[in-house]
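Residue numbers (our numbering), protein chains in the order written: chain A, 1 to 107; chain Z, 1 to 229; chain X, 1 to 453.
Hints are not guaranteed to be accurate.
Beyond 10 Å from chain Z on every Cβ pair, some chain A residues (computed) [said to hold, decoys possible]:
#1 G46
#2 E50
#3 G62
#4 P71
#5 D85
#6 A90
Between beta-carbon pairs, the in silico distance windows are [unchecked claim]:
#7 X/S164 / Z/A104: 30 to 40 Å
#8 X/R17 / A/Q69: 28 to 38 Å
#9 A/A72 / X/S164: 37 to 47 Å
Worth flagging that the hints you see were computed from the coordinates, not collected in a lab. We treat Cβ as the ideally placed atom computed from N, Cα and C, and that holds for glycine.
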Amino acid sequence: MSALDLGRGTPSSPRPVGAAGSGRSGPVRGAAASMHVDWTLCDGRGLCTELLPELLERDEWGHPVAVGQPPASRSDVTVPPELVDAARDAVALCPRAALRLRPLPLP
Amino acid sequence: MTEALWALGRGTGVAALVLFTAAVVLGVVTRSGRPLAGLPRFSVTLVHRNVSLFATAFLLVHVVALLFDPFAQLTLLDIVVPFFGDFRPFWQGLGTLALDLTIAIALTGMLRRHVGRRVFRAVHWGTYLLWPVALAHAIGNGTNGTDAWFLALAGLCTVAVVASVAWRLSTRFVQLGTRRRPRATPRDLGSVPPTGWTPTQRTPWADTPTTPPAVARPVPSRPVERLPR
Amino acid sequence: MTTLAPPPVPSSTGGTRHPAPNGVRRLFAAADPSLAAHLAAFGPLTLDHAGPDLIAELQGAGLDGRGGAHFATWRKLAAARAEQQGRGGPAARGRHRAVVVGNGAEGEPLSRKDATLLDRAPHLVLDGLLLAAATVGASRAVLYTTPRLLPVVEAALRERGDASDVTLVEAPDTFLSGEASSVVAAVEGRPAVPSDRIARLTTSGVGGRPTLVQNVETLAQLALVARFGVAWFRSVGAPAEPGTRLVTVSGGDGRSPMATAATPGGAGRVLEVTGTMSLRRIVEAAGVDPTRLRAVLVGGFHGAWLPVGALDLPFTREALHPWGASPGAGVVWALTADGCGLAAAAEITTYLAGQSARQCGPCLNGLPRLADVLGRLARGDRATWLPGEVTRLAGLVTGRGSCHHPDGTARLVFSTLQAFADDVRHHLEGRCLAGGPGPSVPSATPTRPGEGR
Chain A
1 MSALDLGRGT
11 PSSPRPVGAA
21 GSGRSGPVRG
31 AAASMHVDWT
41 LCDGRGLCTE
51 LLPELLERDE
61 WGHPVAVGQP
71 PASRSDVTVP
81 PELVDAARDA
91 VALCPRAALR
101 LRPLPLP
Chain Z
1 MTEALWALGR
11 GTGVAALVLF
21 TAAVVLGVVT
31 RSGRPLAGLP
41 RFSVTLVHRN
51 VSLFATAFLL
61 VHVVALLFDP
71 FAQLTLLDIV
81 VPFFGDFRPF
91 WQGLGTLALD
101 LTIAIALTGM
111 LRRHVGRRVF
121 RAVHWGTYLL
131 WPVALAHAIG
141 NGTNGTDAWF
151 LALAGLCTVA
161 VVASVAWRLS
171 TRFVQLGTRR
181 RPRATPRDLG
191 SVPPTGWTPT
201 QRTPWADTPT
211 TPPAVARPVP
221 SRPVERLPR
Chain X
1 MTTLAPPPVP
11 SSTGGTRHPA
21 PNGVRRLFAA
31 ADPSLAAHLA
41 AFGPLTLDHA
51 GPDLIAELQG
61 AGLDGRGGAH
71 FATWRKLAAA
81 RAEQQGRGGP
91 AARGRHRAVV
101 VGNGAEGEPL
111 SRKDATLLDR
121 APHLVLDGLL
131 LAAATVGASR
141 AVLYTTPRLL
151 PVVEAALRER
161 GDASDVTLVE
171 APDTFLSGEA
181 SSVVAAVEGR
191 PAVPSDRIAR
201 LTTSGVGGRP
211 TLVQNVETLA
221 QLALVARFGV
231 AWFRSVGAPA
241 EPGTRLVTVS
251 GGDGRSPMAT
261 AATPGGAGRV
271 LEVTGTMSLR
281 RIVEAAGVDP
291 TRLRAVLVGG
301 FHGAWLPVGA
311 LDLPFTREAL
321 HPWGASPGAG
331 VVWALTADGC
341 GLAAAAEITT
351 YLAGQSARQC
361 GPCLNGLPRL
371 ADVLGRLARG
381 DRATWLPGEV
391 TRLAGLVTGR
401 GSCHHPDGTA
411 RLVFSTLQAF
421 ADDVRHHLEG
431 RCLAGGPGPS
441 VPSATPTRPG
451 EGR
């Protein structure tokens, strides 16, 4: 994903702010996370499905469908640790700001 | 030295205009939600952002170079407040206006999640103002503003932007757009005809529309705060 | 901010309590909606025990929400109270004080139990509202209901001396008006449509304040528990399903669901029942002949079908669960033997598609498409891909929206395909089971998927 390297970590461009939660503190590094989809904002633009093809497919109207997850996880998609960075990018690049990354809810 | 600054100022000015043109075109492509020439959508978004940042960088060099060039006679006031300069105040002022717009657009773009959706969108629409202002400034105030080669270049840029805007305004612009309008639909029970079912009916059911019929314009609900007594 | 003033009626000293209603007739024990009749039937309201004591009583009573979700009432109150305490309790600033909302919107067209309750026992609902507010430490109590009922509640408030902090908010006449986040939006002055929620309402609701939204029947039951205690509440009903609940029973007359819902003055009959009663008994008590039925829709437009053979089940969560149903808000609609379940479901789905708030892509796009395909199947289109497409679309919209409208619609559709699987087969062969075998139906021109999109 070399296109993404252009914007990351350099002083002039901001680090994508991908995390949201009560204290604006995101998931702990290396831990799984939960990506919340705000359906009232989502417009089916499809950037998230490009960045997280292992997690998301597009339905016939463009909106993301969580692959192989139970209905309860389709709006709060469980993100495995290895995909959390990609999820942060999806959150930052969503043109509608319809995504939020949060720590996994306690069982 | 002053000639170098002068050349730098002019060169970066031209480059900035070309880059802003590219930024506008890429912005329109980004909004369309389509991939571009093999680039996935998220790459289009990033390229748009990076080109915009490059354009801003060139603009800043353009301004700083001319600020320090004694020949240009620019003061700090001139570069932030439009239309106060000594040399061709109107055309110069357009440049200042363009710089102000660029700063606003760049800041709200970088702080998008902090300023909120509405503010970001409102300021970002300013790009459609920024571009023609920058072009007018270049032609009106540029040393080579009316030279044939520059006018040809400006013409190409104009064609690119006009074509992009025309595409932007076309009906099937967004690849998979969903039109939505949040509303509290009034319950209009009588407007949905039963699907032609009656207990004794066997032969062809009445034809019913396949899409929900249009509902009367809703009255928005407001809380009726009525204190007793 | 003002705290809610105690009533001018002197509080009970804990000696002899007012006699409790006997039997199953509890919520409507008062002779008429007036305050005098209410006091004669139930005795005075006391807010003395509002607080942790009442929460403990509610836990012991096992009262759960009567709005459809069956959420344990004591848990909601405890959560709201805890949030309020965490923000400084009664001493907190205005914008950190809790809000309690009595939800009388009743957006389900086939339900009118809440309307009936507000018409006939508004004081019980108001008692419950004030008790809940005092328990939670709220500074604001709201009653949210339809335009027709607002004057009724207003009149009841004027009769009382203690209700100056109850404000009235108008609910629009839509299916989603009673959804919890729609209620919050309406109270905040915004259009009554659902919103994306990350935090629970008891943590952050109206204006970021801890917010308790309770169905009006739940509040009325709460008021009874506060007066008469756990043992009395549990004296009727099943151990897992104590107390009474209101049901609205309609249909069974050969009309379609939407025609039933459009009945002037409201559909069906409202009854107060317990968990030990069977569906058969409930349906009979409402004047519907169970022998003429094909199936019963339990749970309203987001509910599930029970075939006639399951009518002897008790009206409890446990018994109904295998059928994908639950007592919910007590909505029961009867499909006669000469009626077509697929046509009924298609009609309902078309209505539900039209009632989408149109904010979320999967619902806005998926429900009309689902209604269209199911409608074709119901009307006699014999394309063999139809049932599969119905299943696919219902699965596609489930869980993908800011509220549960798509989920509920999908639940109805899945239940329809299950309960009327035979009908699906017959329709694809050009016949309909409604009313028995008959001449075959000429089919519409077979269509392929993708047409009409």
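### Message
Flag every earlier hint the structure violates by its number, smallest first.
### Response
Going through the list in order, the structure violates hints 1, 2, 3, 6, 7 and 8 and respects the others.
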